Amino acid sequence: MIKFKTRTGSSSILVILLVVTMVVFGVLAMMSSYSGLKMARKTAQWTQDYYELESKAEIMLYDVKNIVHKSIVASNTTNQDYWTSLNRALQELDSSEVTLTYDADKIIVKGDFVNSSGDRFLALLTLENLALDNDIAIEEDLIEINTWKLIPREVEYEDAIEFKDLEVNIEND
Amino acid sequence: MKDRGEAVLNKRNGFTLIEIIISIGIVSFLSVYLLQIFITAKNLNEVTYDLDNAVIVSKSVMESLSAGEKIGPDSDDIILKNARKLSDELIYTVKLGDDFQPVDSDFVDSSYIMNITLDLVDSSELSNMGLYNISVDIHREKLYFLKSSQNKEVYALNASKGLLLDIGGDTSD
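Which chain is which? The protein sequence lines are V and R, in order.
Using the numbering used here, you'd call the opening residue of the first sequence number 1 and step up by one each time.
Using the numbering used here, you'd call the opening residue of the second sequence number 1001 and step up by one each time.
The reader is advised that the hints may include incorrect statements.
Covered, in the sense of this in silico footprint (three residues per stretch, anywhere, with C-beta under 8 Å from a C-beta of chain V), are these stretches of chain R [as the list claims (entries may be wrong)]:
1. 1047-1054
2. 1058-1072
3. 1084-1092
4. 1095-1102
5. 1122-1130
Computed Cβ-Cβ distance ranges for the label pairs, DEER-style [what the hints assert, rightly or not]:
6. Pro152(V) / Leu1120(R): 30 to 36 Å
7. Phe1038(R) / Leu14(V): 52 to 58 Å
8. Ser116(V) / Tyr1033(R): 38 to 44 Å
Rather than coming from a laboratory, the hints here were simulated on the basis of the structure.
A quick note: this is a predicted structure, and the numbers were derived from the prediction, not measured.
Ideal Cβ placement from N, Cα and C applies to all residues, glycine included.
All chains, full assembly: derive it from the sequences and hints.
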């Protein structure tokens, strides 16, 4: 066992130990806070991205609702006039993001919106050729929302351990 | 007996005054930096708390409006119920407390202020609906610990939604 002749400087060692301990706790607290903040910022960004994409789908739905109402008014509640008017008016929406599929008794409006981050928002509306009378001529019956969802981009974990790495290590060993 | 007593008194096992003064000096000097670490960690925690809650509250407001809730005393949503109209335009403000719950509009020392801005982009008399650009932003009124910046924007969320034209009630003060 080492025996020191004097105890001069032992208080400095205590101080250094105390400071080091405090620094370690401080850095750990800051790292913990910062990782929490990073997660909160990601959630905030995801929320903004979601509403940015959903807004495009909302505009599409608003346009479709307007077209349906205009077609009802123009048709004088005659079913054939309504359907013809609706078919013609909906063609205005056809674009790179909004595609229309015509069927005998229904039209499918598909909105596929993509943002700069690679997230996609898919909105699928079906308009059926229902008989128009006073009871049924309301938008809830005429427009059916089949799909209204965000398809998130694929997340890649850069620090993931791959099985091939392990295999290589085993072979080398 | 006297010799033994003198021998005990003459032992110098404790810290000298100089050592203690130097130790206190080092601790005082380094504690400035240590405190900065802890204060930064505390403020980072507060920023995270603000951001997390601001996202939740903003989403809640956005979804309530989307579900057809009106802004004003008749609303079932506690935040929209406490919203006060600032001007003739559709700009509303809500004062929030520490827990992000609405406080009385006359309360001076609110912790956060939420602004809800509705901008009518397009309207249709036929369907009694309008396409609104909704903007929800939350500002922090209280100061961060040992910081002087006030009225800092915590979060802003924008979306477009098709809403009923009479979404904004008479909520002016």
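Beta-carbon spacing of Phe1038(R) to Leu14(V) - inside the hinted bounds 52 to 58 Å or not
Violated, since Phe1038(R) and Leu14(V) (Cβ atoms, about 21 Å apart) do not stay within the stated range.
Cut-off 8 Å, C-beta pairs, minimum 3 residues; does the coverage of the segment 1047-1054 of chain R by chain V stand?
holds (count 5)
Confirm or reject the coverage of the segment 1058-1072 of chain R by chain V under the rule of 3 or more residues with a beta carbon closer than 8 Å to the chain's beta carbons.
holds (count 3)
C-beta pair Pro152(V), Leu1120(R): status relative to the range 30 to 36 Å that was hinted:
holds, 32 Å
In terms of beta carbon proximity below 8 Å, does the segment 1084-1092 of chain R have 3 or more residues touching chain V?
violated (count 0)
Given that the segment 1095-1102 of chain R was listed as covered by chain V, double-check it with a C-beta distance under 8 Å for 3 or more residues.
violated (count 0)
Coverage of the segment 1122-1130 of chain R by chain V (three or more Cβ within 8 Å)
holds (count 5)
Look at the Cβ atoms of Ser116(V) and Tyr1033(R) and judge whether their distance stays inside 38 to 44 Å.
For Ser116(V) and Tyr1033(R) the Cβ distance comes to about 41 Å; the hint holds.
Violated hints, in rising order: 3, 4, 7; the structure is consistent with all others.
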